[in-house]
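Q: So the sequence lines, in the order shown, correspond to chains H and S. Under the numbering used here, the first residue of the first sequence carries the number 10, and numbering increases by one thereafter. Under the numbering used here, the first residue of the second sequence carries the number 10, and numbering increases by one thereafter.
No lab work stands behind these hints, which were simulated from the structure alone. Do not take every clue at face value.
Which copy? The list can't say, so a pair holds if one copy fits it or any two copies do.
[Said to hold, decoys possible] Taking lysine-lysine pairs in the DSSO-like style, the calculated list, with each CA pair at most 27 Å apart, reads: (1) K11 x K39; (2) K183 x K71; (3) K12 x K74; (4) K74 x K19; (5) K39 x K183; (6) K19 x K183; (7) K12 x K39; (8) K13 x K74; (9) K39 x K13; (10) K39 x K71; (11) K39 x K74.
There are 2 protein chains.
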Amino acid sequence: MKKKSFPLAKVYGLLEPGPVVLLSTARRGKNNVMTLSWHTMLEFEPPLVGCVVCGYSHAALKATKECVINIPDASLADQVVACGNHSGRDIDKFAAFGLTLLPAAQVQAPLIAECFANLECRVLDTRLVNRYSFFVLEVVQAWADDDIAEQQTIHHRGYGRFMFAGETRQLDSKMR
Amino acid sequence: MKKKSFPLAKVYGLLEPGPVVLLSTARRGKNNVMTLSWHTMLEFEPPLVGCVVCGYSHAALKATKECVINIPDASLADQVVACGNHSGRDIDKFAAFGLTLLPAAQVQAPLIAECFANLECRVLDTRLVNRYSFFVLEVVQAWADDDIAEQQTIHHRGYGRFMFAGETRQLDSKMR
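Pulled out of the complex, with its shape left as it was, chain H reads as follows (with noise of 0.2 Å):
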């Protein structure tokens, strides 16, 4: 599927509900990438997000201030499942798991072809790295796949279980 620029204002709308994120790291010439669920809308434009990046990730994140959030569907959740159970410290999780990797267009760290929409993100706040890992990320480039409104995202309650995205409702909401 080609990658399309997706509106800076409309990203909100993939993180709000809480999906299951692969957030990928480049760092002196080496890719990596884990699972989290630990993110938050903090604003919305320019869209920052706020996430809880532990681990391998956490140093090269802290070190190259520059990631990917790659949001997969329900056809990823073995994928998904996989590099959270393995930590790039000691495999290349691109290769061991079959994730394709594609250039970002503004950071050093690379899209994942196969998840549906790709945040492009630049580190913007640090203070509550040291305590709690918390990084607030400004989204400043984003792609697309062309059917993005039908994805069923993947939802983490814990201890293995997931919840897949049921049936999307219009309601008489002003809320934006």
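Since the structure of chain H is already known, use the hints to place chain S on it.
A: Relative to chain H, chain S alone:
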């Protein structure tokens, strides 16, 4: 439904999948409730939650440093939308939308009886409040209904579109 105390160590599983929540506050004898989706777990134990609180509730949370995060199921979707469409400056949303208050154990803010889980919280860190309205909360007491595993959560996709939780599957994940 009678509320039972819920283990703090399991709270993260309620919030990780990104449900819309109702945040209740109490200030100078006046209760209020807002709808929000901008929240994330920050720590397992004690459970720490970060969330963006704006509008009328912002001042109450800043002043009292206490709130309750109430998690509604799909049957409350209309009330969730109504709470998001109105400000506590203008109306008593509990009375207007038929939400029942219960006293909390450790905070002044009320529990919402109709919600299947209720997390009593105290503000722990305000460093990101001025810039992002982002409060770090500690969950000090949690409550849940008996049938918590069967609850269908609501997830916001923006502009009136809400995703309702679908099927939950058990996958071979080693992640907590």
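Q: Now tell me if each hint is right for this structure.
A: Now the hints, each set against the structure:
no.	hint	result
1	K11 x K39	within (25 Å within a copy, 53 Å between copies)
2	K183 x K71	between (38 Å within a copy, 25 Å between copies)
3	K12 x K74	within (24 Å within a copy, 44 Å between copies)
4	K74 x K19	within (23 Å within a copy, 32 Å between copies)
5	K39 x K183	between (45 Å within a copy, 24 Å between copies)
6	K19 x K183	within (16 Å within a copy, 33 Å between copies)
7	K12 x K39	within (23 Å within a copy, 50 Å between copies)
8	K13 x K74	within (24 Å within a copy, 44 Å between copies)
9	K39 x K13	within (26 Å within a copy, 48 Å between copies)
10	K39 x K71	within (15 Å within a copy, 43 Å between copies)
11	K39 x K74	within (15 Å within a copy, 44 Å between copies)
Figure legend: structure checked against the earlier numbered hints; every hint is met.
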